[in-house]
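Student: Single-letter residue listing:
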Amino acid sequence: MRISSVSVLKHPRESVWVAIRDRLPEVVLLLDDIESVTVESRKELPDGTVDLVNIWKAKPKLPAIVTGYIKTEMLAWTDRAEYRPRSYECVWRMEPHFLAERIRCSGVTRYEPAMGGRGTRVTFEGDLVLSLQNLAGVPSILEGPLANAVELFVVALVPKNFRKLLEAAGTLLSSAPGSPPGGKARAG
Amino acid sequence: MAVRAGKKKKASPQSRSKQVRKAHVVIVRTASNDKFSLLGIALERAGFWPHIDAARRRAGIPGEGFQVLIKPDLHLFGTAESTGTDPELVEHLIDLLHDRGYSKVVVADARSVWELWLENCDVPVRAELVGYHYVTRRGRAYDVADLSEDVVPVSFPATSALRGTGIARAWVEAHYRINFAKNKTHEEFGFALCLQNLLGVLPLRDKDYHYRNRLKPWDVCAEVLVRSPAQFNLVDAFISNHGSEGDRASHPIETRTMIAGPDALLVDWAASLKMGLDPYASAISAKALRAVGLPKEYEILGDLTPYPGWINVPPLLSDSVRRRNESPAFGRLVKPWLQSVNRELFPFKDLVNDRANAIAMKYLSNVDTNNGGFYTLVGLNYLLGFAHSSLEAYQIVNHKERLRWRDAPLDFDPKAFAAADYKAVRAYMEPLQRIIRETPAEPNGLRWRYLDGSVLFEFAQVIPVPFRKFVSRVTIAKAVQSMNDYIGGACAPVAFDRSGRVTYQVERNIYLPQPNWIGLFGGQHIDVGKLEYIEYGKGVQKIFWRAIRSSNGSAEFDDGIVTFAAEEKDQTRVTIVARQKFALPLFWQAINMDLTPKIKNALVVDAYTRYFRQTIANFEAQYQGREFRVGRPWNLAEGETGSGANARLEAIVELFSSVGKALGGNLVDFPSLLQSLGIAKKETPAAAVDDQGFRHFDGSLGGPQAVRDGAGLAGFFKNARTEASGFFTDVAEAMRKDAQIGAAQLPQGECGAP
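Chains as they are written, first to last, in our numbering: chain A, 106 to 293; chain B, 466 to 1219.
Just so you know, the hints here were simulated from the structure itself, not pulled from any lab data.
Model, not experiment: these values are computed from the prediction.
Among the hints, a few may not be true.
Stated by the list, open to error - If you want the ones that stay clear, here's a sample from chain A, every Cβ over 12 Å from chain B, calculated:
1. SER112
2. ARG185
3. ARG191
As the list claims (entries may be wrong) - Dumping the calculated BS3-like pairs for lysine-lysine here, alpha-carbon to alpha-carbon at most 27 Å:
4. LYS1034(B) <-> LYS1046(B)
5. LYS681(B) <-> LYS943(B)
6. LYS265(A) <-> LYS800(B)
7. LYS827(B) <-> LYS934(B)
8. LYS1065(B) <-> LYS888(B)
9. LYS827(B) <-> LYS265(A)
The beta carbon of each residue, even a glycine, is placed where N, CA and C say it ideally should be.
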C-alpha cells in the first residue's frame, strides 16, 4: 500500500535538509511520543551522500487495555536512510523490531524549494507491505479484514507522524538564531 | 443603466477619461486560450491603470512604495482546480503591476475553517500547495500574507455587526486593494463572487461559526464593503466553476471571460446576470444591494448574454443547505464530509472525517448528474435542518438558557430620522396610554383591548425600592432590552441631555417567539427596529418607543412606554404600556382564532400576564445585580484553538444532550395526551431518583399486562421516555467529560492546534 504526504516548512531547503539529517536526536526531543533516536552508524561518501542508520524508540500514549500486551521492542525500529545531496532525496527503509518479517516499509523523501526559496516542500512517499497470514491467534477468516484495518491505520499514522517530525524540525529551526521573522514555523 | 455590447470602438482620450470616471463594469471575452492577454484587456478597458495611478497620486507615494494587496479566492484543495481564483492569473497581475512600477505587491487571505479539519491549510502553505510560487513567471517575488495575523482595531460603529472586530494591518494599511474573485456558484447562496470573497478578509478562523451563525454573512460582508472595501474588483471567469457544487468540487466550464470594475456590487451584478441568475438570489448580495445599492449611474460594458451550458444550483438544494447551516453544530459536522479534497496535499487531521468524506464523496458527489445523490443530500440537509429547528423550538419553550444570543447589527440608518421623528413617538403613544388607562382591568390588574387587530395593554407593579435607588441601578434607556425574552440586537444613542443622559435612541430588538409555544409551530423570532424617546422628570422617567421596521416581517406593531415613577412609602411603580401585533405562523393563521374569541381572549390574557410578570422580574433582577437575560453568549474564541475533531465532538454532545433534554421535558407529553383523550388513566410515578442519582422503577410498570390497562400505557410511555432521556443525557455527559480529560491530556500538537 502506498503512503504519501506533502508538507511545507517556512524554512529554506538547506536548513530543513540538514536538520532532519543531522539533528534528528534533537528534533525528536520535541515530540511527545518518541523516546529517542540513536545514531547507530553514519557514513559519508565522497559524493556527499550520507548513509545513516538510526534506531527509533517510541513511547506512544496507549489505552490501558493494550499496555499489558505491548513490549518495548514492539515500539522500536531501525531506520536505514541514504541522504543524496545532489537531488535532495532521502531513500529510506524502516525495519520494525517486532514482526519484522511481516512488515516491509520503504520509500523516498524529497526536499524541494518552496515559497520562492523561503520554504521547503517535503514530499514523503513510501510503500507498506503487511503480511498477516498465519498470524498466531488470528482466525484465517479475519486475516484479510485485519490486514485492511491495520493498513488503513498505518497509512494514516505514518504520514501524520512524519508531519509531526517536520513540525518539530520547524520549531527547532525557528528557535535557532537567525531564524525567519515571525518565528513560528509549521509543517503545514 | 446602459449596456453596450458588440464591436470594439477605439475610444478617444477624452471619452476614455470620461469612461474611467463613470461607474462601470467591463465584461470581456476571448475565443483564444490566452487568459493572460484577456486579463490585460479587462484591466485596460475597466480603466484600472488610471484608477490605481490616481490612488497613488492621492496617497502621494511613489510606485515602489505603494503597497498593493491582492485578495484572491483561495478556496482550493488541489492544483488546477476551479473552485478558487487561478493562481497563474494572480501572478500575471503581479507581473503587470510590476511593469507599471508597482513593485510592492502582496497576496493575502485569512485563515479558514478548513484549518480545523485539514493539514496544510495555513494560508502561506495552502497558497504554495495550490500553485502560488511566491515568485512570478517573470521572476518578481511577492509574499503571501495571513489576514488573521497582526489584527488592528477598525472603527466599526456601535450599530455594526462587526463592532469590536479588527482587521489585519496588511489589509487596513494597504494603499490599494484588489479583490480577485472566482466566477462560481455556491450551494447555499447561489453564487459566490467579489462580495462573498470579502469574508476572507475577516480574521477569525471558524468563519462558519462566527460569520455564518453568530453573525450573518450578509451583514458582515456589507460592513466590510462599506468600511474597508477593495478599490478594484475582478472576477476570474476564464475557467468558471458551475453546477450544484460550486464551492465543494471542481466542475469547470470554459467561459473565457473576465469581469472588472471598481464597484464590487456592480461587478457581482454583471457576473450573476451572466450566470443567468437574479443578482438578489444570494442573500449576501441582496443585503448589500438593498443597504448600499448600485452606483446611481452606471454602465455595463460588454455582453450580458448568459454563458451557454451554465448550470446553477437548484433552489431546492440551496434551501436545504441553508436550513442545515442554520445549525452551527450540524453545519460543521457535515461540511468536511462534503468537500472534494486532494488528500495527498490536504490530508484530514482525523480518521473519522477522512472516512466520512470518502463515503460522502462516493454517494453524494456529482449531484447534477446523480439523481440519487441529489435527493439523498437534499433529504439529509432537510433532516438536519428539521432536527435543529425542532431542538431550538424545544429550547425556546423549556431550556432558554441553552439558546445563543443573537448578535445583530442595527438594520436601518438612524441618520434618516430627525429630532421631530423621535418626539413624534411620544405624541403617538400618549393618546394610546389614555385609551388603555380607561379600560377596565382584569382581576390580575392587566388592562387590555384590541385596536386595529393589535393588542393594546397596560400592566403595573409596585416595587418596594425607593425611586432614586431604583433608577440608579435600572437604566430607563435599557428598559426595552430588559423586556422578557430579549435575545439580542443592537442599540445606539442618538442624542443626550445636558447631564449626558440618553434622550433619543435607536434599537433593534430580537425577542423569542411570543408566546413561546408558537415556536413549536414555526413561529419566528420577533425582530423589530425602533425609534425611542426618553424623558427624565422629577420622580419619573419614561421611555417611549415605536417600531419602524421588522426585517423578517414578524411584527406589525411593537410600540410602548415604560415608566418608572416614585410612589409613596419609598416605593417605585413600574408601568408598561404596549401595543403589539406579531405575525402568526401559517398554522395559526389557518385556525383563525378571531372566530373563537373566548379562547383567544384567554390566551391573550395568559400570554401577556406571563410576559409582563417576567419583565418586572427582570427589572428586579437588574436592580439586585442578578443576570436576567435569557440565553448564553457565543464563544468568541471558538475555532481559534483546537481541532475539527473537538468541534465534531461538541456537535454530537450538543445533539445527544438536546435530545436527552427534549425527551426528559414535555416537548410531546404523550402520556398527558393519552389521558386527556381518555385512553389512559393517570399513572403512578414511574421512577424516583435517589440521592446518588440512581433511578428506581416500579417493576410492574411497562409490563405487558400493565400496558394493556390505561395506567400502564401512560406509564409505559413516560417510563420509556425517562429512560431514553437519561440515556442521551448520560452519554452526552460522559462524552463531555471524556473530551475534557482528553483535551487535558493531549498536547496542543495532538489536536493540530497552531
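Student: Checked against the structure, which of the hints given earlier come out wrong?
Tutor: 1, 4, 7 and 8
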